[in-house]
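Residue numbers (the working numbering), protein chains in the order written: chain D, 1 to 114; chain G, 1 to 113.
Note that these hints are calculated values from the structure, not bench results. Each hint should be verified, as a subset may be incorrect.
Said to hold, decoys possible - With a straight-line Cα cutoff of 25 Å, these simulated DMTMM-like cross-link-like pairs (lysine to aspartate or glutamate) come out:
| # | chain 1 | residue 1 | chain 2 | residue 2 |
| --- | --- | --- | --- | --- |
| 1 | D | Lys24 | D | Glu102 |
| 2 | G | Lys58 | D | Glu14 |
| 3 | G | Lys57 | D | Asp56 |
| 4 | D | Lys68 | D | Glu18 |
| 5 | G | Lys5 | D | Glu44 |
| 6 | D | Lys78 | D | Glu11 |
| 7 | G | Lys68 | D | Glu18 |
| 8 | G | Lys42 | D | Glu44 |
To be verified - Okay, the calculated beta carbon distance ranges per label pair:
| # | chain 1 | residue 1 | chain 2 | residue 2 | range |
| --- | --- | --- | --- | --- | --- |
| 9 | D | Gln17 | G | Tyr32 | 24 to 30 Å |
| 10 | G | Arg51 | D | Met15 | 32 to 38 Å |
| 11 | G | Ala29 | D | Ser73 | 48 to 54 Å |
| 12 | G | Ile18 | D | Met39 | 25 to 31 Å |
| 13 | G | Gln9 | D | Thr112 | 32 to 38 Å |
From the three backbone atoms N, C-alpha and C, an ideal C-beta is built for every residue, glycine too.
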Amino acid sequence: DAGVIQSPRHEVTEMGQEVTLRCKPISGHDYLFWYRQTMMRGLELLIYFNNNVPIDDSGMPEDRFSAKMPNASFSTLKIQPSEPRDSAVYFCASSLAPGSNEQFFGPGTRLTVL
Amino acid sequence: QQQVKQSPQSLIVQKGGISIINCAYENTAFDYFPWYQQFPGKGPALLIAIRPDVSEKKEGRFTISFNKSAKQFSLHIMDSQPGDSATYFCAARRNNAGNMLTFGGGTRLMVKP
Chain D
1 DAGVIQSPRH EVTEMGQEVT LRCKPISGHD YLFWYRQTMM RGLELLIYFN NNVPIDDSGM
61 PEDRFSAKMP NASFSTLKIQ PSEPRDSAVY FCASSLAPGS NEQFFGPGTR LTVL
Chain G
1 QQQVKQSPQS LIVQKGGISI INCAYENTAF DYFPWYQQFP GKGPALLIAI RPDVSEKKEG
61 RFTISFNKSA KQFSLHIMDS QPGDSATYFC AARRNNAGNM LTFGGGTRLM VKP
């Protein structure tokens, strides 16, 4: 298996622009998680899905952030409009249904908002 | 609200030494405590994990010690090697929250040759 795939790996954009981050989870995994990592706040859970349904989005910082999972093999995290404080590394992770606790992380997308 | 507190933030150890990273939690509903290892430019990866019904788990040079009454757990890396240099995160999962993890703030470990 190729593992969790994220694209793009690096994104540089200007303030006010829309940014879309993409994730392909490991085939057969029922859970998908979006995290944000910064030096100041560490690794924060933004939202997670179970069987394509958003379960907990309490970590989404504000309405500028939205996430979708249209099918079991694809998810997006969108920021519109982007701001410099959104600069961070965004990780997607997936895991099997309860009973298998390991989360498998993708390589991350490094976002820089100028 | 930081539900899992991790210390130290950074740690420097000589090759062959013991690295110790500590975590504390408050929520007694946590039922699974993993440690993740992250190398620069990579995503975190599961290193070792423990459930609260045991006090210690060992895998090779890595050991988790768990103190349920104190609500603390720690990672010990024996015979630390330069290849162990990475950021380590402790985490905890609530027993009614799917596979959602709450992570500690991370410890950047450097093992000097």
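- prompt: For the pair supplied as a hint, G/Lys68 and D/Glu18, is the alpha-carbon distance within the 25 Å limit?
  reply: 46 Å, violated
query: Between D/Lys78 and D/Glu11, does the CA-CA distance stay at or below 25 Å?
result: Holds, at roughly 13 Å.
query: For the pair supplied as a hint, D/Lys68 and D/Glu18, is the alpha-carbon distance within the 25 Å limit?
result: Measuring from Cα to Cα gives roughly 15 Å; hence the hint holds.
field: 25 Å limit on alpha-carbon distance, applied to hinted pair D/Lys24 and D/Glu102
entry: 17 Å, holds
- prompt: Hey, G/Lys42 versus D/Glu44, does the alpha-carbon distance stay inside 25 Å?
  reply: Holds, at about 16 Å.
- request: Just tell me: holds or violated, for the beta carbon distance of D/Gln17 and G/Tyr32 against 24 to 30 Å?
  value: 39 Å, violated
field: G/Ile18 versus D/Met39 beta-carbon gap, inside 25 to 31 Å or not
entry: Holds, since G/Ile18 and D/Met39 (Cβ atoms, about 27 Å apart) stay within the stated range.
query: Does the structure keep G/Lys5 and D/Glu44 at a Cα separation of 25 Å or less?
result: 14 Å, holds
query: Okay, G/Ala29 versus D/Ser73 on CB: inside 48 to 54 Å?
result: At roughly 32 Å between Cβ atoms, D/Ser73 and G/Ala29 fall outside 48 to 54 Å, so the hint is violated.
query: Regarding the pair G/Lys57 and D/Asp56, is the alpha-carbon distance no greater than 25 Å?
result: 31 Å, violated
message: Please check whether G/Gln9 and D/Thr112 have a Cβ separation lying inside 32 to 38 Å.
response: Given range 32 to 38 Å: violated, Cβ gap about 24 Å.
message: Verify the CB-CB distance for G/Arg51 and D/Met15 against the hinted window 32 to 38 Å.
response: Given range 32 to 38 Å: violated, Cβ gap about 45 Å.
The structure fails to meet hints 2, 3, 7, 9, 10, 11 and 13 from the earlier list, while all remaining hints are met.
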